[in-house]
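Chemist: Residue numbering for the sequence shown follows this note's numbering, starting at 214 and increasing by one per position.
It cannot be assumed that every hint is accurate.
Cβ-Cβ distance ranges computed for the label pairs, FRET-style [said to hold, decoys possible]:
#, residue 1, residue 2, range
1, Gly244, Ser218, 20 to 28 angstroms
2, Ala294, Ile251, 29 to 37 angstroms
3, Ser246, Ala278, 29 to 37 angstroms
4, Ala270, Leu243, 38 to 46 angstroms
5, Cys234, Asp268, 24 to 32 angstroms
6, Asp268, Ile237, 24 to 32 angstroms
7, Trp238, Ala277, 23 to 31 angstroms
8, Ile237, Ile285, 20 to 28 angstroms
Everything labelled a hint here was simulated from the structure, so no lab data went into it.
Predicted, not measured: the structure shown is a model, and the values here were computed from it.
Cβ coordinates follow ideal geometry from the N, Cα and C atoms, glycine included.
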Amino acid sequence: MMGLSTFVVYAIAALAEIAGCFAIWAWWRLGASAAWLIPGAASLIAFGWVLAQTDAAFAGRAFAAYGGVYIISSVLWMWLAEGAAARPVGSSGRSGLPCGYDPHSAGPPGAIS
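Please work from the sequences and hints to get the whole structure.
Modeler: Printed below as a string of structure tokens:
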């Protein structure tokens, strides 16, 4: 995806991943037609292809950087597509998550030297 910024590539990847996962959710949990699985699978394939277009030297770096964009995109999807607002529960660590940092994964203080 030459010419697109990394952020735009990650945003497109996030939309494709969330749409694909939502299609499966709609079929499995909401009783939507199994026909939803066809565009859902296509969307998840597109997600993998789009994410692989980044200039990162290592897949892990691309995935880690993408994680922050995915979290923001997921919250936006919840608000805009599903009409649900985020709950304040667990908000203490939420501010670092868009940066790819999860303070809850670090363990107790002093555990990491």
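Chemist: CB of Cys234 to CB of Asp268, is that within 24 to 32 angstroms?
Modeler: At roughly 25 angstroms between Cβ atoms, Asp268 and Cys234 fall inside 24 to 32 angstroms, so the hint holds.
Chemist: Does 24 to 32 angstroms hold as the CB distance between Asp268 and Ile237, or does it fail?
Modeler: 30 angstroms, holds
Chemist: With respect to the beta-carbon atoms only, verify the hint that Ala270 and Leu243 lie 38 to 46 angstroms apart.
Modeler: 40 angstroms, holds
Chemist: 20 to 28 angstroms was suggested as the range; check whether the CB atoms of Ile237 and Ile285 agree with it.
Modeler: Taking Cβ atoms as reference, Ile237 and Ile285 lie about 21 angstroms apart, which means the hint holds.
Chemist: Quick check on a hinted range of 29 to 37 angstroms for Ser246 and Ala278, using CB atoms only.
Modeler: Hint holds: Cβ distance 36 angstroms, inside 29 to 37 angstroms.
Chemist: Do the beta carbons of Trp238 and Ala277 sit within 23 to 31 angstroms of each other?
Modeler: 25 angstroms, holds
Chemist: Do the Cβ positions of Gly244 and Ser218 conform to the proposed distance bound of 20 to 28 angstroms?
Modeler: 39 angstroms, violated
Chemist: Okay, Ala294 versus Ile251 on CB: inside 29 to 37 angstroms?
Modeler: Violated, at about 19 angstroms.
Checked against the numbered hints listed earlier, the structure breaks hints 1, 2; every other hint is satisfied.
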